[in-house]
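With the hints as your guide, set chain V onto chain Y.
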Amino acid sequence: MPSSSKGSWILVGVLLVAAAVPCLAVPLYAKEDPTLAGFPFYFWFQLALIPCSVLFTTIAYFVAKAAFRRDRAAAGRPWKEGGQ
Amino acid sequence: MSAVAVSVFAFLFLLVTILGFSAARWRRAKSMDNLDEWGLGGRGFGTFVAWFLIGGDLYTAYTFIAVPATLFAGSAVGFFAVPYTILVYPIIFAFLPKLWSVSHKHGYVTPADFVVGRYGSRSLGLAVAITGLLATMPYIALQLVGMEVVLEVMGLQSDSSNWFIRDLPLFIAFAVLAAYTYSSGLRAPALIAFVKDSLIYIVIIVAIIYIPSQLGGWGNIFDTVQNSFDTFNTENADAIAAGDAAPKALFPSQAAGQWAYASLALGSALALFMYPHSITGVLSTRSRNVIRRNASLLPAYSFLLGLLALLGFVALAAGVMVGDPPNPQLAIPQLFEDQFPAWFAGVAYAAVVIGALVPAAIMSIAAANLWTRNIYKAYLKPDATPQDEAKQAKIVSLIVKFGALIFVLALSKSYAINLQLLGGVWILQTLPAIVVGLYTRWFHRWAVLAGWAVGMAYGTYVAYGVSSPTQEHFGGPLAPFPGTETPIYIALTAFLLNIVVVVVLTPILRALKVPDGEDATVAADYTVDAGDEGIVEELSSTTEVR
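Protein chains in written order, with numbering that gives the first Met the number 0: chain Y, 0 to 83; chain V, 0 to 545.
This is chain Y alone, in the form it adopts within the complex (with noise of 0.2 Å):
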């Protein structure tokens, strides 16, 4: 991969990782306080991380976009909007 693009790609690592890694860390949420709307605290905390990695994952998914199509023109291989 050329070197412009470089940065753009570990940034979409990092918000991958963002995205997938919280729900793995059980110690830290697996808590009844505080309790919200009735909901202990290890229940609503993992059903906000859903949004929480959906607004990870969609970045990246704009910034690969961006990034995958500076590749391909780099390489001689411009992109052609194809299908969406």
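Since the hints were derived computationally from the structure, they do not count as laboratory data.
Every clue listed holds true.
BS3-like, lysine-lysine: derived pairs with alpha carbons at most 30 Å apart:
#	chain 1	residue 1	chain 2	residue 2
1	V	K390	V	K104
2	V	K97	V	K393
3	V	K376	V	K393
4	Y	K64	Y	K5
5	Y	K30	V	K247
6	V	K104	V	K380
7	V	K393	V	K104
8	V	K380	V	K390
9	V	K104	V	K376
10	Y	K5	V	K97
11	V	K390	V	K376
12	V	K380	V	K393
13	V	K104	Y	K64
14	V	K97	Y	K64
15	V	K104	Y	K5
What follows is chain V alone, placed relative to chain Y:
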């Protein structure tokens, strides 16, 4: 049995049957006589269709029944389905676009096709194909288990002691499914998935708002469940201490349970996209971009699954009766029966049964593709034409489904559940061949095959040794990590062993100059996209891609 519920159910079932058969004409191709059309729907699905198809694929009727059932039964790790689906999407995002590109470039239909091309090893391809078939078959059988519990609660099963008469409604539902999968291929589940997901969404949203309001709100539900678990643990303190009963809890508060929880989520997420049916869904998309866009949109389903899982607690708080001896899998359909008006209960039943039809169709297509490409064409009839392949795959899709049906009805249900557990352990052992293969050819092909064999054997052996209060063997997915007391998902331990074997053997085989297979792919193949030369946007039977 309520006549209203059954009528609503029958109407919705009829609707998807018509959709299933008319799907053959949807996005019509010149001919269905090849695997790209029948088995991958023409490889032309956009973001919208793919969202429903992949979602329909992953969230199966068995999930809808089994995940809440584990919470209902008081398993502290039952909620792992949520972190599991959170982990799945970054994983898809990272590696499936590469698999899409190389598969489109070379006309690969199955993951085993890719492995054969990348490693130049037909034996490794066969190993991946057989693992896929072994893991998929019990998964299809479990969809039937999901349908069966709904039919049971609806009162559609007669009391006859003859298993054929008793399960006639199940037979009819499955025969209809088999017929339209045969004629329409992957287009049928893709179209029906719209109905399935809409129904499921409506039912769950209504259930999650309406039922708790009837039960005094969520706070009250969690309190009732906690009290019920505390009572159980006090009354059964001796049995729990003796290991004859498992303690119940809302969530894992001890380190051991937390390790189990995280390892189940991670292992299942890694395994999911090794299943042939998930890869079938992904390869049917129109472009690379569709995959990544979907990876950011699909978590909407995760939220649904999380809420659905909690219905297990709702059922417990509602005092749902699940028979004697108790069968927790009846909890959700029985909750619908008890709490909803008859007509809406009919909608809910239809949602679960249609939710079984979609994945069962995709899984049988994926299994048929694997058989046809990697066993039939690779070993039995190398000169098979695309027409021969499509014909073979259609017949195999029928055999696979009826095999699963007989399996569930004639044998005990617990066989299907045990095999499904093993399926997850087995399928993860194909990850080094498929995923690592997408990034590097450093692994030696024989090392990958040896790692696979060791992982399969170890995982099966350990799973066999797990006993539970109700079962002597295959009692659960967890076993202590070697050298510790900490329970870990067996699939993950076997996978680590698999990787160690591959990494140790690769340099040895290279030093011994054992011939490594020829790689049919080049680096640029992994970044091609729709619109590139040689990548046809939407395939039709007149286009020869191989």
